[in-house]
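Engineer: Listed below are the residues making up each chain.
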Amino acid sequence: MASIPLEVSLFLSGLLFSLGLLGVLVRRNILFILMSLEIMMNAAGLAFVAASSHWGVADGQVMFIFIVTVAAAEVSVGLALVLQLYRRIHTLDSDAVSVMRG
Amino acid sequence: MSLVWLILIPMVGGLVAGLVARKNESLCRWISLSALILDSGIAINLFAHHWLGLDLPTSTRWLVEFQVEWIPRLGAGIHLAVDGLSLLMVLLTLFLGIIGVGASWTEIKTQVGFFHFNFLWILSGVIGVFLALDLLLFFFFWEVMLVPMYFLIGIWGHENRQYAAVKFFIFTQASGLVMLLSILVLVFTHAAGGELTFDYMKLLGTPMDGTFGLLVMLGFFLAFTVKLPAFPFHPWLPDAHTEAPTAGSIILAGILLKTGAYGLLRFVVPLFPAACQVFTPYALFLGVVGVLYGAMQAFAQSDLKRLVAYTSVSHMGFVLLGVFAWNDYALYGVVMQMICHGFSSGAQFMLVGALYERVHTREMGRMGGLWTTAPRLGAASMFFAMASLGLPGMGNFIAEFLVLAGLFKVSVTATSFASLGLIAATIYSLWLMRGTFFGPNDKQWKIADLNARELSLVAALVAGLVFLGFYPQPVLKAVHPALEALQQSTAQAPVPVAMNRR
Amino acid sequence: MLSLLWLVPTLPFLGFLILLLFGDRMTKTLVGIIGAGSVGLSALLTMVIGYQFLASPPPDHAFTQVLWTWFEVGGFRPEIAFRLDALSLVMASVVTFVGFLIHLYSIGYMHEDSSFSRFFAEMNLFVCMMLVLVLGDNLLLLYVGWEGVGLCSYLLIGFWYQEPANCTAAQKAFIVTRVGDTAMAIGFFLLVTQLGTLQVQDLMHKAGEMWEPGSGMAVAATLLLLGGAVGKSGQLPLQTWLPDAMAGPTPVSALIHAATMVTAGVYLIARTHALFALAPSVQFLVAVIGALTLLLAGFSALVQTDIKRILAYSTISQIGYMFLALGVGAWSAGMFHFMTHAFFKALLFLAAGAVIHALHHEQNIFKMGGLAKQLPVVFWTFLIGAGCLASIPLITSGFYSKDAILWYAFSSEGGSIWLWMAGLAGAFFTSIYTFRMVFIAFLGEPKGHIHHRPGPVMLVPLVVLAFLALFSGFIELPHNFAPVQMFSNLMDTVFHSHGHSHEEHSSAALEGILQLTAGIVSLIGVAAAYFLFLKDPSKVEKISSTPAGSFLQGFLLRGWDFDRLYDTLFVNPLMALARINKGDIVDSLYNGLASLTQMGHYRLKWIQNGAVRWYAAGLALGAVILLGVFIFT
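Chains as they are written, first to last, in this note's numbering: chain A, 185 to 286; chain B, 4 to 505; chain C, 52 to 684.
Certain hints may be false.
Reference listing, derived: stretches of chain C covered by chain B, where coverage requires no fewer than 3 residues with Cβ under 8 Å from a Cβ of chain B [stated by the list, open to error]:
no.	stretch
1	106-114
2	239-247
3	622-636
Under the rule of at most 20 Å between Cα atoms (straight-line distance), these lysine to aspartate or glutamate pairs were calculated in the EDC-like manner [claimed, not checked]:
no.	chain 1	residue 1	chain 2	residue 2
4	C	257	C	111
5	B	480	C	357
6	C	498	C	357
7	B	112	B	306
8	C	656	A	279
9	B	480	C	123
10	C	498	C	614
11	B	449	C	618
12	B	449	B	360
13	B	449	C	214
14	C	418	C	592
15	B	446	B	360
16	C	79	C	164
17	B	205	B	366
18	C	424	C	413
19	B	449	B	331
20	B	412	B	306
21	B	480	B	306
22	C	586	C	464
23	C	633	B	445
24	B	112	B	28
25	C	633	B	366
26	C	418	C	464
27	C	498	C	592
28	B	446	C	214
29	B	205	B	68
30	B	412	C	413
Calculated from the structure, these hints are not laboratory results.
Cβ coordinates follow ideal geometry from the N, Cα and C atoms, glycine included.
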């Protein structure tokens with residue numbers, strides 16, 4: 185099996201990261217922000233996996249498992265927060281929650 | 004061990020009083036009172052031993068010493084010790100503490116428990132400051148007395164209390180930070196030549212010369228003169244005093260200011276004799292300006308409490324002058340001034356508080372002619388106004404006389420200008436009496452005269468001041484060894500050129 | 052008996068304590084008994100002690116009683132100690148005896164007052180403090196009394212405190228004297244640091260050893276002490292408080308502002324006479340101050356209309372004579388005038404008080420008149436006092452004491468013809484204004500209505516004082532009259548080495564001529580007063596109605612406008628400064644710092660706007676910049 189060169193996978197990872205970041209910055213819906221965050225995290229995971237297969241070391245794949253775990257935890261907390269938020273102010277617009285007192 | 008108890012009893016008493024208050028407020032007051040009386044018992048016992056010459060250690064300069072390890076890696080230990088000077092200060096603290104509890108007996112009606120908790124913790128912190136001989140421990144107590152005081156002003160104060168509390172906190176905290184820096188620089192300079200230690204006795208004699216020494220000294224100087232307060236670091240004081248509850252003002256003026264004076268005596272000059280000699284002309288200048296400026300500002304005020312607050316600025320100017328004159332007369336004068344000003348200003352704040360409880364205003368424009376309706380209150384106010392202007396026959400006169408006579412040896416000019424403060428003190432004291440008790444009673448006030456509780460507190464203070472005025476020898480004798488030791492610690496210092504020039 | 056000396060000041064103090072603590076619960080009779088009785092006992096004790104002192108003089112003609120060591124600092128060791136010598140004996144006798152008479156009189160005078168017990172408490176405290184001042188063995192203890200009498204003077208001038216004018220007068224008295232006292236305190240600092248003691252005898256002894264006559268130290272020290280003396284005794288330039296001090300009750304004016312406290316300055320200079328002898332220039336200044344003051348105050352007294360203010364200015368003027376005497380080294384003559392003055396001026400004030408009391412607080416002499424028939428005892432005693440004040444020759448004590456001063460002003464080493472002429476001119480004005488008072492208030496047409504007649508409790512002190520005023524002069528006669536010099540012989544035990552040499556018999560004829568001149572001048576003054584104010588007052592009215600005349604009258608009435616001068620120079624600028632700076636300019640410095648921080652806060656707070664995406668963008672931008680920095684460097 186011909187291995188994919190490291191540059192290509194790192195480029196893909198960078199692209200995904202930038203897309204995710206762009207999503208975080210331009211979307212106002214908190215759900216979409218969360219999804220974009222997932223993309224960014226997975227971009228980082230991709231970079232780890234690619235690097236680990238390039239040097240043949242398992243460390244990067246361990247890191248990926250960590251990332252998946254953290255992502256799952258983060259999503260569960262994040263979604264819970266989003267639900268609470270929606271119940272309180274009936275919107276998912278992130279700019280609407282810019283003040284601390286509510 | 005008795006020294007540890009001195010600090011712990013008010014702390015524990017404060018905790019207990021704070022817990023009890025939910026069930027029984029009166030019990031809380033009695034608990035704090037008895038904690039203070041118990042503590043005074045220990046202090047008086049120490050003093051009696053000292054006075055009678057029992058178990059007086061001849062080899063060391065401390066009457067009682069307590070030392071255990073605390074943070075050995077940093078060279079910081081729990082080192083408490085007491086000599087005549089600190090013992091007198093502790094006694095003053097406890098005496099005014101008792102007066103303070105008495106004065107707030109009916110004044111404080113909300114959160115009584117938390118009030119007494121804070122009150123006793125301030126006293127504990129102050130006692131710690133007077134006893135600590137380890138700079139880190141000293142700094143710790145310095146901060147301990149600050150936070151509860153902040154609450155005291157901020158919760159039980161008058162209308163503008165938040166502003167005053169924050170101002171007080173920022174001034175003291177900022178200057179305390181500078182002192183911490185100076186402590187660290189001093190300790191590390193010492194460590195560079197040997198051992199890493201925070202111990203006062205070991206740090207004495209650390210060579211701190213030139214501009215570097217001056218800068219480090221100024222760090223301490225700043226913290227203590229903010230507390231004192233000296234011109235131009237005084238603006239926190241009128242606000243804090245004016246807004247604080249009566250007990251807060253009493254211990255603020257009576258004791259907390261003295262920690263500044265104590266710090267100057269104990270730390271600034273002995274640790275940095277050379278730098279201090281260079282700095283003397285400037286310090287004297289600040290002292291003179293403080294005396295006159297404080298007096299002028301006092302005269303300008305129409306708020307009674309603010310007036311009394313500014314008089315403290317003026318009187319503490321004498322302390323600054325005396326410390327930097329640093330000779331026999333002046334140092335004894337400083338100690339007398341610390342004690343007598345504690346009495347007289349504490350009493351003045353108490354009386355102003357009593358007056359406020361009755362007429363619910365501090366504006367002198369709304370009073371006048373009160374002598375007719377409250378002659379005892381008037382007579383007491385007259386007595387302490389006279390003490391404040393330095394009438395002979397009261398301790399304050401001895402204090403000012405000694406300070407100025409000592410200063411005369413150092414600088415005739417400074418003495419002449421500082422003496423103008425005596426005239427200025429007359430002006431503001433008479434102004435105070437005229438605005439409140441004399442003149443026509445055109446607002447038709449009818450107020451209750453001093454009651455038995457207040458009269459007994461006043462009588463204690465009057466007796467103290469008159470006793471000190473006609474027989475100050477016990478105080479002078481008690482501090483004699485301590486002052487001797489302090490003077491010796493600076494005697495070895497080389498005399499820089501600036502000293503000879505003056 | 053001498054060892055009971057400490058009781059002399061203590062008795063009035065006990066009276067004060069009792070009246071302070073329990074006075075408001077006592078009947079007026081009891082208050083009067085305690086108030087006057089404590090001073091009376093003290094007077095009695097002083098007399099017994101004085102008798103013993105004179106009958107069997109202690110060694111060195113001085114007795115010192117040390118009670119305890121006050122404090123001890125660096126070799127300076129003042130004691131609470133009383134010293135009895137001829138000087139303090141004379142002072143203490145006058146203070147207690149005249150004080151007792153005035154207390155007695157006050158029982159009648161103050162009887163209607165609601166603060167009866169406060170009055171006696173404060174008067175007793177005053178007597179105690181005055182005795183401490185007089186008997187104190189060192190200057191520091193003297194200072195206790197010195198400030199103590201100042202306090203009592205303040206309290207008693209402002210006794211009727213509901214009147215704002217009285218409060219102002221009281222404050223003025225305290226503050227102006229305190230200016231002098233501060234100079235005096237600085238003098239003490241100098242003496243302590245230079246000589247290491249404030250004990251009067253040691254001080255004079257050491258100063259004589261260590262300081263050359265006329266040396267800078269001696270001049271500075273005596274100048275500073277003189278400052279205190281000038282303030283307390285109402286001499287130039289600090290005389291402005293005394294006329295206003297008449298706001299107090301009349302017995303207070305008699306006791307404090309005529310007989311005793313205001314002469315404390317004279318006492319201080321006499322007490323420290325050896326220091327002043329070391330500084331001849333300052334001593335000359337004392338004489339000049341005395342001469343100027345007696346003239347200035349004499350002029351002012353000429354135009355006053357308030358009977359108490361006339362007497363106040365005359366007090367200033369008479370103390371001027373005492374200063375003149377001290378200045379030319381005639382210590383004993385100065386003290387002699389102090390004694391006679393205490394008697395006749397207290398008498399004048401008390402008699403004036405009786406008039407004021409009778410006329411229901413009327414003090415303007417032009418609203419009195421014809422009182423001689425209505426109040427005969429008061430008139431005759433007042434006349435005796437006036438005669439003494441005007442120094443009517445031969446029969447009055449004032450003649451003998453003033454004559455001694457005039458003679459020494461002319462003949463002693465420090466004297467000169469100018470000082471003598473100033474004194475003579477002063478004597479002339481004195482007799483004019485004194486008899487102006489007598490003629491306008493007591494003779495002529497009755498104008499007022501008599502409300503109260505003074506009772507015996509008020510009249511007895513008047514008669515006793517009148518007796519003393521007339522006859523106390525005969526204990527010290529001029530050398531060319533008869534060899535009766537009891538007073539100066541007594542005083543020589545104190546002033547021995549510095550006393551005036553009396554061996555000038557060769558000039559007896561000259562002395563006689565001067566006495567004749569002084570006597571004639573006094574009588575001419577009386578005659579002038581008669582023609583100007585009783586026989587034909589229209590001339591005076593004519594002069595005072597011209598513009599220059601009315602200006603001059605106002606100028607003198609306001610005491611040469613010293614008040615206005617001081618207001619412009621000191622009071623107003625300081626008041627203005629205080630008012631402007633009420634908010635404390637230093638505070639605004641810190642407030643400036645605070646608002647600077649606040650401004651920074653407003654400038655930067657848009658960054659922290661709470662929008663999550665904005666923060667994310669910030670993070671991203673920061674990361675990019677960091678990356679860029681890493682890559683390109």
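Engineer: It remains to establish, for every hint, whether it holds in the given structure.
Structural biologist: So, going through the hints one by one against the coordinates:
no.: 1; hint: 106-114; in the structure: violated (count 0)
no.: 2; hint: 239-247; in the structure: holds (count 5)
no.: 3; hint: 622-636; in the structure: holds (count 7)
no.: 4; hint: C:257 / C:111; in the structure: holds (18 Å)
no.: 5; hint: B:480 / C:357; in the structure: violated (56 Å)
no.: 6; hint: C:498 / C:357; in the structure: holds (15 Å)
no.: 7; hint: B:112 / B:306; in the structure: violated (24 Å)
no.: 8; hint: C:656 / A:279; in the structure: holds (17 Å)
no.: 9; hint: B:480 / C:123; in the structure: holds (9 Å)
no.: 10; hint: C:498 / C:614; in the structure: violated (33 Å)
no.: 11; hint: B:449 / C:618; in the structure: violated (36 Å)
no.: 12; hint: B:449 / B:360; in the structure: holds (13 Å)
no.: 13; hint: B:449 / C:214; in the structure: holds (19 Å)
no.: 14; hint: C:418 / C:592; in the structure: holds (16 Å)
no.: 15; hint: B:446 / B:360; in the structure: holds (17 Å)
no.: 16; hint: C:79 / C:164; in the structure: holds (10 Å)
no.: 17; hint: B:205 / B:366; in the structure: violated (52 Å)
no.: 18; hint: C:424 / C:413; in the structure: holds (18 Å)
no.: 19; hint: B:449 / B:331; in the structure: violated (50 Å)
no.: 20; hint: B:412 / B:306; in the structure: violated (38 Å)
no.: 21; hint: B:480 / B:306; in the structure: violated (39 Å)
no.: 22; hint: C:586 / C:464; in the structure: violated (44 Å)
no.: 23; hint: C:633 / B:445; in the structure: violated (25 Å)
no.: 24; hint: B:112 / B:28; in the structure: holds (9 Å)
no.: 25; hint: C:633 / B:366; in the structure: holds (14 Å)
no.: 26; hint: C:418 / C:464; in the structure: violated (48 Å)
no.: 27; hint: C:498 / C:592; in the structure: holds (19 Å)
no.: 28; hint: B:446 / C:214; in the structure: holds (15 Å)
no.: 29; hint: B:205 / B:68; in the structure: holds (15 Å)
no.: 30; hint: B:412 / C:413; in the structure: violated (54 Å)
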